[in-house]
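**Q** The residues making up each chain are set out below.
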Amino acid sequence: MNAIRALVLTDWKLLVRDRGALFLTFVLPPVFFAIFASIFGGMSGGDDGTFEPLRVVAIDADGTETSRAFLRALLEQEALVEAPLEAPAPTDLVGAASVVRRGDADAAVLVAKGFEASFARFWESPPRLEIVYDAANPISRFTLEGLAQASVFRAAPTALMDAGFDALEELGASTTPEQRDALDRLRVLIDGAREEGADAAADGDEPSGGAAMSSFVDVASVPATEYRAPGDGTDAASPGVVDYYAAAIGVMFLLFSMAGAAGSLLEEEERGTLERLLTSGIGLGPVLAGHFVFFALVGCAQLATMFAFGAVVFGMHLSDAQVVVGLLVVGATTAAAASAFALMLATACRTRAQLAGLSTVVILVMSALGGSMVPRFVMPAFMNSVSHFTFNGWALDGFQAVLWRRDPNGSMADLLGSVALPVAVLLLATVAFFVVARRLARRWETI
Amino acid sequence: MAATPALRVTGAAKRFGDREALAGVDLEVAPGEWLALLGPNGAGKTTLVRAVAGRVRLDAGSVALFGDEVGPLPRGDRSRLGVVPQEIALHPKLRARENLEHWGALLGVASGELGVRVGEALEWTGLADRADDLVASFSGGMKRRLNIACSLLHVPDVVLLDEPTVGVDPQSRARIWEMLAELRARGTAIVLTTHQLDEAQSVSDTIAILDHGRVIARGTLDDILRDTLGAGRGVELRIDGDVDAGAFGLEALGDGVYGARFTQLTTELPRLFERVAASGCTVVDVDVRRPSLQDAFIHLTGRELRE
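The listed protein sequences correspond, in order, to chains A and B. For the first sequence, my numbering gives the first residue as 15, with consecutive numbering after it. For the second sequence, my numbering gives the first residue as 4, with consecutive numbering after it.
Just so you know, the hints here were simulated from the structure itself, not pulled from any lab data. Small disclaimer: the values here were computed from a predicted structure and weren't measured. Take these hints with a grain of salt, some might be off.
In silico negatives: residues of chain A with every beta carbon more than 10 Å from chain B [as the list claims (entries may be wrong)]:
(1) Ala93
(2) Phe270
(3) Glu289
(4) Ala315
(5) His331
(6) Ser399
Some chain B residues judged to face chain A by a derived CB distance under 7 Å, without partners named [to be verified]:
(7) Val59
(8) Pro77
(9) Glu90
Ideal Cβ positions, reconstructed from N, Cα and C, are used throughout, including at glycine.
When you get a sec, could you build the whole thing from the sequences and use the hints?
**A** Okay, structure coming up:
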C-alpha cells in the first residue's frame, strides 16, 4: 500500500512539474471542445446570428411579375442573402458562375425565360430554374434547391390562381363581377394561409420537398467549376467532398510530418552533430536553409502522393493541365510554408518531447479552425473569419481555387491569378516563419 | 629563427555573466607538438577549445593558426584545424562510410578526393570490414574511432581532441592511441583535453594546466614537477615499535605507516633509518615514490571538488 501511495505521489509531482503535460491534460480538451462547439453550435443555432447565410446571385431572365415574385420570395428566406457585389450584377449564368468561382457568392439562381408562361401549365413542361453552386460548398446546392421549391408556394398561390382564371377566360369562360369579388376575397385568404405557412416553415414544421413539389419548377443544378457557356462542348469533371478532404487532410498531415522531420534538428543538437556541423564552418543560416529545402521537397512529395492516391482510389480528376499546374504551384508553396513553420516550431523548443507536445497542440487547433477537420462551408461566419489566421485556411483557399473554383473556360493566367492571394500569403508566411526560426536558432550561434 | 607556432592564443579572456571563464590565457603549440590541456571541471578548458574552434567569441585576446589570426566563425581560415568533439557526433542511421563521406564533404574535401580519403580513414580506424554497417550497430570503441576519423578527413595540421578515450575499454583505448601515434608520425600538432592524467603523462610532449581561466603551469612533465614539487621525493615507511612521529618529522598515516618528504633523498633517508633504529624501532618497509602528474595537479589545483 505504501509503495502504491509513493508511486501515485511521485506521478502527481511529475505531472504538476510538467507544464506541457498539464496543458495537454487540462487545457487542450476544453479548447477543442470550445472550437467544435462553436463550429457545430453555429450550424444549428441559426437564430443567434452566428450562422452565415448563403450569398446568392439572382438573375431574372424572364422579367415577369411571376418571376419577380418568385425571386422576392426566395430572397426573403432567412438562410439566403443576396450576394453583395462590387461589380455590376451578372446578367447571365456565365457571369454568375464566374462570381461563384471567385468565391464572391455561394450560388447563383437564374429564372429562365418563359418561367411565367409555363407556370401553372401542368400539362406542359414546368417552369425552369438554373442553379450554379460552389462545388466546395455542396450544402449551398441543396439549400437553394429546397428553398426554391418552398418559394414557389410562398410566391405562386395567387399567380397560380390568376393563371388558372386567365386560362378560363382565354377559353371563353369570362368571369362575372361577383366571381371577381369572390376571387379577391379568396386571394386574401390564400395570402393569409401563405403567411402562416411561411411561419411554420420558419419553425421547421414544413415537410421537406419531394417529387410533387419539384413538379412545379424544374431545377437544373451544376457546380460552378463544371458550368460551361452554352455551345461549349468541352468536358469538365465535377469535384466533390473527396477533393476537399484530399487537400484538407493532406495539409494537416503535411504539418504533422514536417514537425516530425524538423525534430531532427533537435536530435542533431542532442547528438552533437549540430555542434560538429557548426564547428566545421557551416553557418546556422545554411544549416536551416538545407533543412528547409529538404523538408519542403518531402512535403511536395507527400502532397503529390496524397493527390495521386485520391485520383487512383477515389477518382479525383487531375488530368487537366491547369489543375496539375495549379496543384503544383499551391502544393509547392504550401509545402514550403509548412517546412518553415515546422522549423520555427523546432527552434522554439528545447527537446523533441517539447516539440511533439507543442506541434500537436498547434497543428490540431489550426486544423480545426482552418478547415482540415470540419469543412469551412459548415462553419459559422466568425469561425470562417478566424480560419484566415491559420496556415490551413490559406492553404485550403489555394487548393479550393484550383479544384473547385477554377473557371473551365479560363486561361492558365486566370487560374494563376485566382491562386495569387493565398500563394502570396503563404510565401510571406514562409519568409516570416523562416526569419523567426533563424532568430530562435540564435542560441546555437557562436557565443 | 623559431618556427611559427601551429597555435597561438594570446590574452584570451571571456566572461559569461558573472563568471570569468577565461582570464587572459596565453598558450603556444609548436608544429608537431602534443600538448595535454588539463584542468579541473570549470577551469576554462572547453571555453578555450571552443574559442580556438571559433565557436566562442573572445572578449579580449586573439587566436592564430600558423601565424594567421582567426576570429569567431566564419572569420579566418581554419582549413588546417581539426576539431574532434567529446560526444559521439555521428549519424547512427548512416553507415560508417556514409558518415565519413558526409563529414568529409562538409569539411571541404574535394569530391574527387573524398573516396580515397574515406578509404584511408576506414583502414586507419580498422573499420574497413564494417564500412557498410550502420553506426548504430557499432561498439563504443568503434564509434569513438570513427568519431575521430570524421574530423580529420581534411588532413589538418593541428587537431583539438576533447577526451578522445572517454568511456571505452582498455583495448579500444590502446587502439585509439595507436591511431593518434600515426598522426604524430605525420607531424600533426595535437591539443588534448583529458581527465586521464596517466594518459596525458604518457603520451604528451608538454602539459598545460588551466585553472580559474588561467594557465597555471606549462612545460614538460619534469618542468612542472620541478616547478611545483621541487626535486623532493615522497617516502612511505612501515615502522615496528612505538615511534615518536613528530620528533622524526613523520606524518602518521595509520597502521604503523608513516609518510615523509625529502629534498635530498640519498643523504636524508639513511640518517632517518639510523635515528629510528637508535630509538629502539625498526623500519620494516620503505616505498620511495616519484611524484606524478596527479601530485602536481592536486598540488596546483587543490583537493576541493569543482562542480
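**Q** Would you settle whether the hint for proline 77/B is holds or violated, based on the nearest Cβ-Cβ distance to chain A being less than 7 Å?
**A** holds, 6 Å
**Q** Under the criterion of a CB-CB separation shorter than 7 Å, is glutamate 90/B in contact with chain A as hinted?
**A** At about 3 Å, which falls below the 7 Å cut-off, the nearest Cβ of chain A leaves the hint on glutamate 90/B intact, so it holds.
**Q** Closest CB-CB distance from serine 399/A to chain B, is it above 10 Å?
**A** The assertion about serine 399/A holds, with a minimum of 45 Å to chain B.
**Q** Beyond 10 Å on every Cβ pair: is that true for alanine 93/A relative to chain B?
**A** Check passes; 57 Å lies beyond 10 Å.
**Q** Is histidine 331/A truly not at the interface, in the sense that its beta carbon sits beyond 10 Å from all beta carbons of chain B?
**A** Answer for histidine 331/A: holds, closest chain B Cβ roughly 40 Å.
**Q** Is the nearest CB of chain B more than 10 Å from the CB of glutamate 289/A?
**A** violated, 6 Å
**Q** Do the numbers back the hint for valine 59/B, that is, is its least Cβ distance to chain A under 7 Å?
**A** This interface hint holds because 6 Å falls under the 7 Å limit.
**Q** Is it correct that the beta-carbon of phenylalanine 270/A has no partner in chain B closer than or equal to 10 Å?
**A** Label holds. Min Cβ-Cβ 21 Å, cutoff 10 Å.
**Q** Any Cβ of chain B at or closer than 10 Å to alanine 315/A, or is the non-interface label fine?
**A** Given that every Cβ of chain B is farther than 10 Å from that of alanine 315/A, nearest at about 20 Å, it holds.
When each numbered hint is compared with the structure, a violation occurs for hint 3 only.
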